[in-house]
Amino acid sequence: MSTARTSTDSPPTERIPSAKRSRLDWLNFAFDVLVQQGPEQLKITPLCELRGVTKGSFYHHFKNRDAFIDALMAHWYDTTTQGFIDQVDSSAPALERLKALDAVIAANNIEAEHHIRAWALKEPKIVSHLEKIDQQRRAYLASCYVELGLDTDHANDVALIAYASFLGMMQIYPAPSSVEVERVTLMALKAFIPNVDLK
Numbered sequence: 001m002s003t004a005r006t007s008t009d010s011p012p013t014e015r016i017p018s019a020k021r022s023r024l025d026w027l028n029f030a031f032d033v034l035v036q037q038g039p040e041q042l043k044i045t046p047l048c049e050l051r052g053v054t055k056g057s058f059y060h061h062f063k064n065r066d067a068f069i070d071a072l073m074a075h076w077y078d079t080t081t082q083g084f085i086d087q088v089d090s091s092a093p094a095l096e097r098l099k100a101l102d103a104v105i106a107a108n109n110i111e112a113e114h115h116i117r118a119w120a121l122k123e124p125k126i127v128s129h130l131e132k133i134d135q136q137r138r139a140y141l142a143s144c145y146v147e148l149g150l151d152t153d154h155a156n157d158v159a160l161i162a163y164a165s166f167l168g169m170m171q172i173y174p175a176p177s178s179v180e181v182e183r184v185t186l187m188a189l190k191a192f193i194p195n196v197d198l199k
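Each step along the sequence shown adds one to the number in the numbering used here, with nothing skipped, and position 123 is 123.
Treat the hints with care, as some may be off.
[Unchecked claim] Each computed DSS-like pair below joins lysine-lysine, with the alpha-carbon atoms no more than 27 Å apart:
{"#": "1", "residue 1": "K55", "residue 2": "K122"}
{"#": "2", "residue 1": "K43", "residue 2": "K99"}
{"#": "3", "residue 1": "K122", "residue 2": "K132"}
{"#": "4", "residue 1": "K125", "residue 2": "K190"}
{"#": "5", "residue 1": "K132", "residue 2": "K63"}
{"#": "6", "residue 1": "K43", "residue 2": "K55"}
{"#": "7", "residue 1": "K63", "residue 2": "K122"}
{"#": "8", "residue 1": "K122", "residue 2": "K43"}
{"#": "9", "residue 1": "K125", "residue 2": "K63"}
{"#": "10", "residue 1": "K99", "residue 2": "K122"}
{"#": "11", "residue 1": "K132", "residue 2": "K99"}
{"#": "12", "residue 1": "K55", "residue 2": "K125"}
{"#": "13", "residue 1": "K43", "residue 2": "K132"}
[As the list claims (entries may be wrong)] FRET-style restraints, in silico, Cβ to Cβ:
{"#": "14", "residue 1": "P174", "residue 2": "Q136", "range": "51 to 59 Å"}
{"#": "15", "residue 1": "V179", "residue 2": "K122", "range": "29 to 37 Å"}
{"#": "16", "residue 1": "K55", "residue 2": "I161", "range": "39 to 47 Å"}
{"#": "17", "residue 1": "P93", "residue 2": "Q136", "range": "17 to 25 Å"}
{"#": "18", "residue 1": "G38", "residue 2": "A103", "range": "28 to 36 Å"}
{"#": "19", "residue 1": "T45", "residue 2": "A92", "range": "26 to 34 Å"}
{"#": "20", "residue 1": "K125", "residue 2": "E180", "range": "21 to 29 Å"}
{"#": "21", "residue 1": "K190", "residue 2": "S143", "range": "15 to 23 Å"}
{"#": "22", "residue 1": "S143", "residue 2": "G52", "range": "40 to 48 Å"}
{"#": "23", "residue 1": "E180", "residue 2": "G56", "range": "46 to 54 Å"}
{"#": "24", "residue 1": "N195", "residue 2": "Q87", "range": "23 to 31 Å"}
Keep in mind that the hints were calculated from the coordinates and are not lab data.
Owing to the predicted nature of the structure, the values given are computational and were not obtained by experimental measurement.
The beta-carbon is built from N, C-alpha and C at its ideal position, and this holds for glycine as well.
Whole structure, please, built from the sequences with the hints as guidance.
Here's what the structure looks like:
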């Protein structure tokens, strides 16, 4: 699995007219704030101040902060878990799906992933969402490995190793290049699934 990491030093600013601010606008703005200023700013008062709006604008879309966090994490799941999987041709062979998934990940900015996981250390509510995300991602990888000839237990183990490698690479500075990630991924596949044709 590939990693992609970008960042900016400019604080997020809101340019959308108040009447046109949607729920999705709020969520995307919140991810920018998370990446650039940290989770401490994802409280109602500082978030509204950063956005230049009243709290009424926030409460128009979210009942409370818990509902906001649930919506934020649901959006992250829809975008970077189910959304990425949906971009892969489900009728393609397993190896092609794995390669396509790597390409999708590499083509998208997933900088917030690193910050969400750090946030979970201080915000227990995030953990249950990450459990769902991690379980589905691992299950998808394992299903591909089963198609490549591994039994279920072995496939689950390899999926865990591959996923742990993906998460670990996000902690490396500077971030590994896409070429490095692809090379390491192929090395791992050859080691764990020696009979697979990687051409």
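Evaluated hints:
1. K55 <-> K122: holds, 24 Å
2. K43 <-> K99: violated, 38 Å
3. K122 <-> K132: The given pair, whose Cα atoms are some 18 Å apart, holds under the 27 Å limit.
4. K125 <-> K190: violated, 38 Å
5. K132 <-> K63: Satisfied, since the Cα-Cα distance of roughly 23 Å is no more than 27 Å.
6. K43 <-> K55: Holds - the C-alpha atoms of K55 and K43 are around 11 Å apart, at most 27 Å.
7. K63 <-> K122: holds, 22 Å
8. K122 <-> K43: Judged against 27 Å, a Cα distance of about 13 Å means the pair holds.
9. K125 <-> K63: holds, 16 Å
10. K99 <-> K122: violated, 34 Å
11. K132 <-> K99: Holds, at about 23 Å.
12. K55 <-> K125: Answer holds: K55 to K125 is near 22 Å, not above 27 Å.
13. K43 <-> K132: holds, 24 Å
14. P174 <-> Q136: 51 to 59 Å: violated, 29 Å
15. V179 <-> K122: 29 to 37 Å: holds, 35 Å
16. K55 <-> I161: 39 to 47 Å: Check passed, 46 Å falls within 39 to 47 Å.
17. P93 <-> Q136: 17 to 25 Å: With Cβ atoms ~21 Å apart, the hint holds.
18. G38 <-> A103: 28 to 36 Å: Holds, at about 30 Å.
19. T45 <-> A92: 26 to 34 Å: Hint violated: Cβ distance 48 Å, outside 26 to 34 Å.
20. K125 <-> E180: 21 to 29 Å: violated, 35 Å
21. K190 <-> S143: 15 to 23 Å: Distance hint for K190, S143 holds at roughly 20 Å.
22. S143 <-> G52: 40 to 48 Å: holds, 46 Å
23. E180 <-> G56: 46 to 54 Å: holds, 48 Å
24. N195 <-> Q87: 23 to 31 Å: holds, 28 Å
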